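Enquirer: Going down the list, the protein sequences come from chains A and B. All residue numbers for the first sequence refer to the working numbering, where the first residue is 1 and numbers rise by one. All residue numbers for the second sequence refer to the working numbering, where the first residue is 1 and numbers rise by one.
Mixed in with the good hints there might be a few duds.
The calculated DSS-like cross-link candidates involving lysine-lysine, where the alpha carbons are at most 30 Å apart (straight line), are [as the list claims (entries may be wrong)]:
1. 520(B) - 49(A)
2. 377(B) - 154(A)
3. 587(B) - 19(A)
4. 377(B) - 19(A)
Calculated directly from the structure, the hints in this document are not laboratory data. Nothing here was measured: the structure is a model prediction, and the numbers come from that model.
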Amino acid sequence: MNDMKLQLKIWRQRSAEEKGHFETYSVQASEHMSFLEMLDVLNEQLIGKKEEPVVFEHDCREGICGACSMVINGQPHGPNGGTTTCQLHMRSFKSGDTITIEPFRAVGFPVIKDLAVDRSAFDRIIQSGGYISVNTGQAPDGNSIPIEKGEASKAFDAAACIGCGACVAACPNGSAMLFTSAKVSHLGLLPQGQVEHEARVQNMVAQMDKEGFGMCSNTGACEAECPKDISIENIARLNRNYMASMFSSDK
Amino acid sequence: MSSINLDSKTPQGELAEKWTQYKGSMNLVAPNNKRRIDVIVVGTGLAGASAAATLGELGYNVKVFTFHDSPRRAHSIAAQGGINAAKNYQNDGDSVWRLFYDTIKGGDYRSREANVHRLAEASRDIIDQCVAQGVPFAREYGGLLANRSFGGVQVSRTFYARGQTGQQLLIGAYQALARQANTGKCTIYNRHEMLDVVKIDGKARGIIARNLLTGEIERHSAHCVVLATGGYGNVFYLSTNAMGSNVSAGWRAVRKGALMANPCFTQIHPTCIPVSGDYQSKLTLMSESLRNDGRVWVPKSKEDAEAIRKGTKKGNDIAEEDRDYYLERRYPAFGNLVPRDVASRAAKVACDEGNGVAPTGLAVFLDFASAIERYGKAEAFSQGNANPSAGQIRTLGEKVVEQKYGNLFEMYEKITGENPYKNPMKIYPAVHYTMGGLWVDYNLETNVPGLFALGEANFSDHGANRLGASALMQGLADGYFVIPYTIGQFLSKEIRTPQIANDSPEFMKAEQEVKERLDKVMNIKGNQSVESFHRRLGKIMWEYCGMSRNAEGLKKGQKMIQELRKEFYSDVFVPGNKDEFNPELEKALRVADFLELGEVMMVDALDRNESCGGHFREEYVTEDGEAKRNDADYTYVSAWEWTDNDEIKLHKEELKFENVELKTRSYK
Ligand SMILES: Cc1cc2nc3c(=O)[nH]c(=O)nc-3n(C[C@H](O)[C@H](O)[C@H](O)COP(=O)(O)OP(=O)(O)OC[C@H]3O[C@@H](n4cnc5c(N)ncnc54)[C@H](O)[C@@H]3O)c2cc1C
Ligand code: SF4
Ligand code: FES
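Just chain B, same shape as in the assembly (with noise of 0.2 Å):
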């Protein structure tokens, strides 16, 4: 497998035409073969079911799976702040190069070009589409499209819809897949989670599948096999994900000889509910739609951070000049809008010298107060008061942040027991989301012939760093816009191929895999929860490849996993049986997953000597503690393989910048 060729297939031509031109030259495949081709969707998030709805309404015949009960309680069901689009309806100067180069430099330079300029053209097509499908994003007076801003860019581009975006983005397709499930285009096998990928002659052909209500394994063939799985945040055990969200659909197709790119590349996100006891089970986000009026800050102090610490202070007894507006003072551009990777890393900062607030040190504060007296004023005005009091301004002022960000307030009140108009929130950053996933070209074709990666799961355009409201932006991009042209240059070439059978020998073999690896977790039948295992993986994710990273930190990580691994499958405890519903036994494959792809990721984050975007080395920074890249030696995607022999293996695509200047990346 040594000579694995990463050719990203990125097409010829200028920059902006490359894919209209691309997309008018392409094979395609006509209807009447359309309907003779199977294609398995795995994945029913807004990546996968957008893709599959529109695979089904091309004429494709569609196999879709998920491992949860309904298609749409996929992960991105959560989503909340919103989805980027270079519609420029503000008039502010954004347009499809801005958004292009906004998400290059937000990704620090680590992302394919041409992929990402591919995906601001596609934004725009995404909010007609979702507007015509009866997604309700918030409206101004007039009826038209409101937006708001994200952080990393000074324009305002981000389409919402309150603070449950992903929810109606979700239902959309969601129920753009249960119009082709009506019409039979679509086959929805809720419940089934894969196992395994099955190839054939080198190409993908199909999926092993575990039904997890009977437990029965099946095997399921199609031409072609569509991966739509999600991030793998979970690898850290605390994350912002849904607590299903796992590594496993993309690991099998790694041990199958596709390969992982960049997957040390993580998100922290720098709005999240602090950690508060150990009997945590998932962290919860605050939407980065609250850094347009939320503004953070610790203590100047020791002594004040001591005593809010304590309970003996509160946020609002330290004065206004006490207070250090850490990112203001820091990143006067930018300010409270700084990206996440920046964000994070400065609350790092703030609480690493000792001026955090929660009890465990390990928060700052979002603080409302100058938006509700801003708002308050505003609101007061234009209903003829010139001269409100203190407490009408307030009244207000907490309805207009009621409006714009109710129901988060009231999450974090629920949690944490706490009123947020009242008190600055206490927040601190948590695992998020992952950049790194399978490697894709410009197909969205892994390096295994027939299997394509979407969404999350794949990692072809946040580089080293993804930017808000960008997620959703680019699964919908792959599932609607992408998928459904480049598949047919996969298929064009398979009309002529027969339906696949599912009882070739490759079949067998891969679901008589499947099998044994069951047996093998089931039969341990040691002492200690997969729970148990998953959380001390997540506190070495969290303790070597976390926030900064360091050599040192790296080979000790690695070798951690290593022990950790080994003890799992001598001591891990699955109760139950094989042949039922069994959630435990779900969980304990995902782990043992999570597990090796642990190793990967320290592995990576050693080899990239430099600090870019989420990935921050401690080796490599400049005198002002900002990130040092090195574009000399890194401006590379790091693909791994796992051998046959289970070494783990770098493989490379140079990346090649032929529109943008790679600058350091300065938010001040």
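Chain A extracted, bound-state conformation (with noise of 0.2 Å):
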């Protein structure tokens, strides 16, 4: 069953201060193996050999939690496009082939060890502004707010997001632009989040800068690798309600 034969280059790095290298491993796999049960065995082998194995991240291998994170031959998430790193297979792949495996590289995500990094800016950038603020118990009836289908649905698709960071890992410039301007669109296309949109755009803008994100300069590359297809309309919209929230707020 196990008969692709594979040459593995992955990125070993024990901690963030300490420097990181490239290491290169066989692995014998079957293509029906996701990518990540690929991984597993390799570090099955490793810890036979009373080696330690590769840490990466992981969680709901079905493409959904967003914790999976690594780039795989240059590629955030791998080759496939609109999958992420748990839901690739082996038969993407050939015998013989050798992969190169690497963490998501930005500065707003400094690495932990070997392929983990800490994406922990995301959740300071939502902190910042990215919810509606009501508390438990405030809420009419949810019938009593009708929203179109069509914008419930564009809405939505900015929701998707699994908050992976692949955008940023692919921008050159590090840019969290994409994660943040899905936030902003699924919050703000809704009738519940216009009350706050304008405070909503400037915090969660300004905290993003603030994390050492760089600057968009609409290459396009995060809308590519991303897993969840999260359109780069949601830049230009951010941008636009950007703008227009610099022009009326009064702060």
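Fit chain to chain and form the complex, with the hints in mind.
Expert: See below:
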């Protein structure tokens, strides 16, 4: 069954402080395995030799939690469009391939160990304003706010972001615009999100800058690598919202 | 510890009035006092995030812990199909009573009436709250909220957000929590794993947590502790749960005197992608919503099944009259929408009889061809085409199915490499959810004062089988609408208690014990990986405590687990150090706890000499092969104690049914 022979070039780095380097490993896999199951096989092999396994992040293994984060042959989440690393299967590779695996690299995402990076900056961006201020128990009946199906669907498309950070890793400037704009669009496209819309835009953009994410220069690399097909239109929308909020805010 | 009194603290009064009256008569904590009270919430799934945010809004100082790198990654994110609520927006006869009744019946009469009724009441407020937060639920053309049906019920009360309902609900709760973090009322400790509960004078006053990045052991104190740490399905190794889901928080509470209730009540979900190889790390659910439109079948003849297994025939080659739509045949009233336990067992029976359709023999078909045709015809008609060709019907029908289930179909294709629009899906049951959990009373408080349990981590509402779309409902009911009130019953007596010090002898001792536990597993330095032990445990659990169980097997399973545990403590190998980011060490501690829980599950299943819900004992079956409940002897909650000298001891809470009549559950 395990008839694929692969060479893996994997980034190993003990901690943020220490320097990292590539190590090469060989592993036998089957085309039915997921990419992460192939790494499990490698790790079991390493543990069997009393060596340290490769640290990588993962949890749901079905493309929804956003934990898995690695750059495979130069692409965040690997070669397939609209696919997270955990959904990638070995049938996308062939026996004899050499696969290079690195962590997401960006100023806003310091490396923790091997392939794991610190993405807590995303939490802080949300904390700065990515919500609607409604206490539990204050809500009116759900059907008292009709929302046109198409609008609801557009808000949903933006809300589908899984917070994985591939957009940042793909961006030559390490910008977090796609992530931030997706949240601003999700809430801003809904009637419930209007009241705080301008303050939200201002605060989230300010926090994003504070976290050291780069400027957006519209290369579109983020959209191309986003596993949830979050559209770059959200960035254009955020830019318009931001300009509008600059003019109208009296702060 | 022999005199544990399991008082459910169910309030007096009429069922429908209990919760309202109780809320109105509860002790309150004044705002100026709330400011002085600290609460620890462990877990940031639907239950934990909603509880933490709401307690923060009320003014408590909340410390929130999660082993994830962000609260948003809790396992709740993966829930697909939907959330129930008795809104009756469809005008199809739904009501709080009906949701209550369906849940009690669905749970095979092994849950507490008053808790379930409260859940049904709260369900309506949840939808309102989530809409206000910006959760993008599915809508009709008129802009109002849409619904669909789930198994075990005959109304349409499930609210959904495409196939990502859990994600959207969790993001709503996560954002509410983020807002409280921004105000400073909630402090979030990401990448912190709780490794013990600390008790002072019998009350839960804090936790010991490990900072997963540095390995540092930390002592955190509070006036009370809330566990919302999810389910333990991963004791089976292969399950639909996220890889990190584990029992340790709850299990550590048990080791500090809390009780584990109905641990053997496991939900095996009928529609999952079948196991295909040994390397497999987890199983993937195909949402129950698919059973709205998918028809389940196997070939009538063993020869056809054999040919499909060998690959010489495909599902589509089998003529209509040679197919056995066994759910429609056996359960005409509910058909493909029978509850999960019933559907899973029926699939097992079909495969055990030799009619399975995957190379392993363990799969049945879930077929959308009829739905595609039906939708295609309707769509063509509404486009003014009264005489569409078969090809047109297919194309139009596939489009409708794609709109409804597109992301699930895509997920299926990514994993199996097969196109489910063209060939029927292959599915098989897999471990999915655990109805069992920490024993709690009506206040969601365990038998340890000041220790609460919410969401999948408690046992409270689903009896022996959970209905689809009811876990999200329960998690959010517990967090948004129950605990914010009931926690006051404990805290109102604590307003004079000063801040709890974290350097008392109790804290120091607990810290020391945790450190010793870490050293113990690190120092074994054996030859087998943690993963290999987990896999073996999973196999034992599935074989002897899975879809069907018998006394002999359970005894054997118990013994095997004891032996495996011994082997673990003499031969496990944990690489790396304890003072650094070390996922293998995290896993080792979790598997160690699973190795104890697994044994209690066997003991529980052995004690319960009846078949009910997800618990199917081969010795207790009706003539037509259905589960045979024994109400005279087993209408109780089994709450298990793990004593100081490692004995497993049963305590019972008798269940009283005052509003529904115990009937044989029939979906025929
Ligand atoms: C694939 C799938 C689909 C599902 N679909 C549906 C559906 O459509 N409808 C439905 O109603 N239900 C569904 N369910 C069930 C439902 O998702 C879960 O029961 C529910 O989300 C559990 O929520 P929770 O808040 O109790 O726990 P979880 O979401 O599991 O959260 C647990 C939290 O506790 C933390 N934690 C655990 N232990 C520790 C520790 N020791 N220290 C620190 N933190 C800890 C974790 O980090 C996490 O934050 C589905 C389940 C699965 C597996
Ligand atoms: S926008 Fe896309 S790439 Fe960026 S975090 Fe969200 S899902 Fe990931
Ligand atoms: S592991 Fe959850 S998205 Fe990949």
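Enquirer: Tell me the numbers of any earlier hints that the structure contravenes, in ascending order.
Expert: 4
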